[in-house]
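Guided by the hints, dock chain B onto chain A, whose structure is given.
Listed in order, the protein sequences are those of chains A and B.
In terms of my numbering, the first sequence is numbered consecutively and its last residue is 766.
In terms of my numbering, the second sequence is numbered consecutively and its last residue is 766.
It is worth saying that the hints were derived from the structure and are not from the lab.
Quantities reported herein were computed from a predicted structural model and do not represent experimental measurements.
Nothing false has been slipped in among the hints.
The list treats identical chains as interchangeable, and a pair is accepted whether it falls inside one copy or across any two copies.
When the alpha-carbon atoms are kept at most 25 angstroms apart in a straight line, the in silico DSS-like pairs for lysine-lysine are as follows:
id	residue 1	residue 2
1	Lys-640	Lys-314
2	Lys-640	Lys-361
3	Lys-361	Lys-644
4	Lys-372	Lys-663
5	Lys-644	Lys-314
6	Lys-644	Lys-326
There are 2 protein chains.
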Amino acid sequence: MSTVSLFAAGLTHLRANLRSLLVAALVCVSLQLLAPPSHADEGMWMPAQLSQIAGQLTKAGLKLPTATLQDLKKGPLAAVINLNGCTASFVSADGLIVTNHHCAVGAIQRNSTASANLLEAGFTAKKRTDERWAGPGSRVLITLKETEVTGQFRAALKGVKDDLAAFEKVDGLKKQLIKTCEADGQSRCRVATYDGGARYVLVHQLDLRDVRLVHAPPRAIGVYGGDIDNWMWPRHTGDWALFRAYVGKDGRPADHANTNVPFRPKKWLTVSAQGVKAGSYVMVAGYPGRTYRYRLPLELKDAEAVSYPRTIKILADLVTILETQQKASASARVKLTSLRAGLANYLKYSRGLLDGFRKSQATAAETKRYAALKGWIAQDAIRRATYERPLQRLEARLTEMQGRRRRAEVLRWMLRLPVLVRTAATLDWLATEREKPDEKRDRGYQKRDWARLQGRLEQRARTYVKAADQEMMVYLLRQANGLPGSARIAVVDALLKKFGAKGSKTEAGISRAVAHLYSKQTLAKDKTRKKLFAAGRKKFKSRDPMLKFVMALQPLRRKIDEQHKRDAGFLAAHRPAYLAALRDRFGEMYPDANSTLRVTFGNVKGYSPRESIQYTPQTSLAGVLEKHTGKAPFDVPPSAREAIRRTHAKIRQGRATSPWIDKGLGSVGVNFLSTCDTTGGNSGSPTLDAQGRLVGLLFDGNYEAMASDWVFDRVKTRSIHVDIRYLLWALHEVLGGQHLLNEMGHGTPKRSL
Amino acid sequence: MSTVSLFAAGLTHLRANLRSLLVAALVCVSLQLLAPPSHADEGMWMPAQLSQIAGQLTKAGLKLPTATLQDLKKGPLAAVINLNGCTASFVSADGLIVTNHHCAVGAIQRNSTASANLLEAGFTAKKRTDERWAGPGSRVLITLKETEVTGQFRAALKGVKDDLAAFEKVDGLKKQLIKTCEADGQSRCRVATYDGGARYVLVHQLDLRDVRLVHAPPRAIGVYGGDIDNWMWPRHTGDWALFRAYVGKDGRPADHANTNVPFRPKKWLTVSAQGVKAGSYVMVAGYPGRTYRYRLPLELKDAEAVSYPRTIKILADLVTILETQQKASASARVKLTSLRAGLANYLKYSRGLLDGFRKSQATAAETKRYAALKGWIAQDAIRRATYERPLQRLEARLTEMQGRRRRAEVLRWMLRLPVLVRTAATLDWLATEREKPDEKRDRGYQKRDWARLQGRLEQRARTYVKAADQEMMVYLLRQANGLPGSARIAVVDALLKKFGAKGSKTEAGISRAVAHLYSKQTLAKDKTRKKLFAAGRKKFKSRDPMLKFVMALQPLRRKIDEQHKRDAGFLAAHRPAYLAALRDRFGEMYPDANSTLRVTFGNVKGYSPRESIQYTPQTSLAGVLEKHTGKAPFDVPPSAREAIRRTHAKIRQGRATSPWIDKGLGSVGVNFLSTCDTTGGNSGSPTLDAQGRLVGLLFDGNYEAMASDWVFDRVKTRSIHVDIRYLLWALHEVLGGQHLLNEMGHGTPKRSL
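Looking at chain A on its own, in the form it has when it is part of the complex:
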């Protein structure tokens, strides 16, 4: 997910999105590099940095010239795109796209009904006209160019002292650069910030607005193992989906229309059936979202002791609420699936992360290392003059921010989760922003964002379930009601007072207040939303209690927003000093992930999760059958079971000639592990071999490495990939996708499996 989508992303992209939610909640949390990045496996490298590590790449096994790998026009990276916050890649001349199933859930859900549940049954378009529109919020972004613009920011900030002014300068310059870049009307641009403000890069992307679902496996393949196996090894998940990008007949980006034609990308990846084995060189190219590998000990301490435990509690409560609500009806089950799955996934992630955090004892190690860095600074007059004061100020500010964030956190949960509250909050904010000149509007609310914003509102409205929304709101009002005096929210207090929620009557009062807020539900109507979307501040009126409640909150939201901007301005000016000190001490490093295109490389390799257990790095069809119990999430469809048995019988008889059979495994590869360094946003990334050919899809990290966004543990951090041969086999043997295999250059094997 990009910085932009942090404010505008729909529920569809909740996995990535929630990660951003936490990023925002934890704006003052982090972890510093434990050692200079000297190992092959650690590091999410910018394409421009690859030439600096060419030796490492070659040594690890890369067979491609580094210059080819770096080339955004003709190299394999040209085929690596951003699809709604996930990564994806082109695999045919006709714009066929491969990504993860879990990145396609929104699109699949959009095309499902209670009676025709594509999430459950899967989907394969037999011809182009059967391909299903992924919806107005779906976007393919192709990175065309990255331009370093740090100098312009340094110049603009020269002499600026006030934090808010600094923020406005940075923000204004970003908007100006973006506006120029997007002037052609078909581009999507952003200024990516590296290392908290040390470096700025203008990223120019082509923005395709008509994206269609081509294929998704049935749930029992695409989500095989479900929540139980999520983050786990050994894994047997067919986590893939196929899309196609469409453009106008003129070849330019266009809104969805039947007359559109498939996009013809400049570059697409070769899909290889050569496969991998233990030790194989692999690399992952994609758009990793956020890492926190260069943070201060005080941020680390806070994440471990305060922020994550608090987040975990809230997530666990919300998941329970949604699970109960999903039992009410088949329709509620479908509508709430994506939100519940996203929250549950993030809960498991947060728990694992906290667990890993504690086990790594990173806070203690980092505290020691930070003290050593400060000692090293103190040894030299120039270093003292350069770093001491900025570091002191940074520490003081971060501590202050931790002290005052509670109210903003509760408000953020409230304004983001219940569909009607979020809808009201978005529309209300937009109404105010509309009054400003476009370049002064908040990012995410500028004219360039309106179509996407509206698309997402529409998409979100489709997931609205009144009872679930209300239950979440009851829970979040209870949270607000638990805030200490200095952090209380006056508007919430007034609402609760009005409905008699005091002392022993709190619960009944909250229920009455929520019933009141949901008594009109006008925001559930398309017409109302459209009217309010178009309305400016003056015409923005309604008798809907929900809207009135959210409108009353706007002054506080503005106040908090301004404080965030001040903080951001301060951090942008001061955090780079810390990074500079680290570079000064350790030399060049890869920057933290920031949703820009990166490359990580490593090897196919197992690991030991704990004493007396050794994981080997590949799974196969045999393991799929081994896990089968007949009950979800371990229910292999009968046709797939039959196909596996057929395939294995032929292998045993020596009659299997298909290129996607792995002789070493005696079966077809399903998933594999690698030492690559990935995170959220990398989902769906192509896994490339030494020649740059597609051999897998990154789809998960392992449980033991959940703290890897903060602290990279070489021994236990692994990425989990779909073996692309599983997709090829399944399309051919089970899912009726031979025409798609043909399109990817894999014609019918001469003899059948």
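Below, chain B without anything else, positioned relative to chain A:
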């Protein structure tokens, strides 16, 4: 546990006992050998058989003469004893005994109170006078001699046609042999039946009645991992306890008395700190309870499709009931621990067994193999004449038995679980048996059994919790009320009718009926129990509704009992024919386990539980710390954590000189896996090395091998052992047991750890 204890064992030995309960419930279920026992790992060999497999033993690594291993007087087997249904062994000249912690739970519980909970805190007697009596039901049985008596049974059965008469003949002869054998007043004898009646052996044991608890580790060591890790690998459980046997000053078995002195065994095991490593030869000597490796396909089919699923349902319901009841008070928690743990353990076992059963597809394989055996029989006139008719009759009878067992099963659960019902049932049955001449009394109710019977009643009374008893009874009456017309229990029907439990009023009626049954609770009083225990049939009177209810059930119980005897008589005459056919076809085989002394041998070896996971066969102190979360069941006591860190620090510094440190592991061994073939009853068995020295304690099997009682899978069946070095290390470093180490021949290491 022995055949005798099947009828008389207390709740203390529930683990073994429930297994027998199921054995009884499944009297018509089983599985036949899938292949002749040609592999080293499979087989629970009778001492007398060892000379026949001497070559195999030597090849596997045994360094002891087979004759020494067979010798029940001077060999290591002379130190291997039966302790309350578990196995144990002498480890000092003063009668010190080592077994599992889970075999000591009853004794520990008996010596615990809510305020001094030894289960939680552990216990180490600092001197002999501190050792705590394990209670009146506790027995040490030392096997002195095994005598083949098959000829006498063949002679007695000659010409007997009637099933009940056959049973009576066998039963009468057994009692007569036992009576003669026990004439010295200090022996415990039994006639063990092999292969369902193919062979009879008179087992002569010395019976020690004063057993005392010497040491138990705290729960957080002895039950580390709790239910979560139970049956699992990797494992880190200190599942050991120490006892001591006492005798009168004359050296003869005596009732518990302060004047008693430690028993001096003829033989005790050498405790070795040499340890094991992958590949080491190990053997387990002990008293495995029951296996079903030679059963008919129709028995297998029934176990998989009917019996186990039914048992699992009932166990799961009962565990839930007890868990709820345990929350009521600290006292209920302690009193119900053993029963709940036993049922939960058996539930997990049954689920795993059923799972393994299904995965093994043993039923299909066995059906095929049985057909082949029948084909082989049909090829030859003599074989036809010998086997055909007995096999036909056996199949017909087993099928008939399956058809009529439901009522007996429900009645059995009811009369065994609630403490008051079980007490009433025992006393009522005894009152009738008392009227008979002693040799005609049922086994378990003869004069020789009275003291133990009374001890167990007393022990059981200590676990009585009214509310829990009632809840179980409500549940079991509901089961009885669900029986079909032909299987209904008239006495239960009358009770329910009386309290208006009909149609929609069933639940309220059952509650009223149970309240009625528990309205007097006279059986909770020691005085009443003692009076009724001594009363004959005529004096056996009471106004207690519970007793009246159970007395009314006696005619039905007698009827069912007689039918069981007829069935047993029939099976004893016909099952041997099947075993004989198998021997005829495959040659000599080890017999099914029957609680007699057996030896199994194999190697220390890991395994792969499923695709992409490899388990290595040893765990260490490092893994204990790795699992530590601070929350039960993963809460290493602070003193133990400190000791582990101290030990590891010394190892790292090269200063560790203690003999119990394993250089290969870089730590102290905690648990290990072997390929030995074991089952319930083997718990606490000494694990011996090639020289016959004690290197471990068998305490569990792995989850993947839960079906091994029925079908032995060489690839995945493993036994789990405590590494005896963990006990030595813990006694020295954590638990203040240096005096016990001294007694076991492990004086203080010259330099401390």
